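**Q** Sequential numbering from 1 applies to the sequence shown in the working numbering.
It is possible that some hints are incorrect.
To be verified - Below, a list of computed lysine-lysine pairs in the DSS-like style, where the Cα atoms sit at most 25 Å apart: (1) Lys107 with Lys167; (2) Lys123 with Lys74; (3) Lys52 with Lys74; (4) Lys149 with Lys123; (5) Lys149 with Lys165; (6) Lys72 with Lys45; (7) Lys123 with Lys38; (8) Lys107 with Lys52.
Hints are computed from structural coordinates only; laboratory data are not their basis.
Model, not experiment: these values are computed from the prediction.
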Amino acid sequence: MFWTVDELLLTASSLFLLVGSEDINAKVLQVLGNEALKYAVPVIKYDRKGYKARARQLLLTQNAVVLVEESKIKQRIDYANLTGISLSSLSDNLFVLHVVQQDNKQKGDVVLQSDFVIETLTKIAICANKVNNVNINQGSIKFTVGQGKEGIIDFTSGSELLIAKAKNGHLAVVAPRLNSR
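From just these sequences and the hints, can you work out the full model?
**A** Written out as structure tokens, the structure is:
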């Protein structure tokens, strides 16, 4: 089957949801109002204190990244306040959304995990116009926990995925290396 350029562009720019639209709470859709929903995916968010894993939906609108828990919008990051995106070189599916700290609405950077990490980061980078602000890190990622506080994610390679709070207070991630050619 052959596609025309117009068909490819239409397909690439169309709404793509890994979370079914019926899975997004009607209250959330109502709060979003006229903002076009461009992408939705289930993610795990790691708390700033204790790194407890919490299930969330990540929604991309025309103006922001929105994190949702059931029927409640937990966090909204306007693309203008997104300063960068960091991820590891391992197969842990973890990434950090770095945000402007002068924004009083933001508590700090956001640590997330997605089974569709490459696709999710591609969509965020394109929607937010931050393609040149994606950093692939080896060893560790530093992130802001709150006003003047810093957190660290330490990455090591191992045979299977393990994510836990280490004794030193860092988030320790053990993950297999990505297969390379």
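**Q** Confirm or reject each hint.
**A** Hint check results:
1. Lys107 with Lys167: 24 Å, holds
2. Lys123 with Lys74: 20 Å, holds
3. Lys52 with Lys74: The given pair, whose Cα atoms are some 15 Å apart, holds under the 25 Å limit.
4. Lys149 with Lys123: 29 Å, violated
5. Lys149 with Lys165: 17 Å, holds
6. Lys72 with Lys45: 15 Å, holds
7. Lys123 with Lys38: Holds, at about 9 Å.
8. Lys107 with Lys52: OK: Lys107 and Lys52 at ~16 Å, within 25 Å.
Checked against the numbered hints listed earlier, the structure breaks hint 4 alone; every other hint is satisfied.
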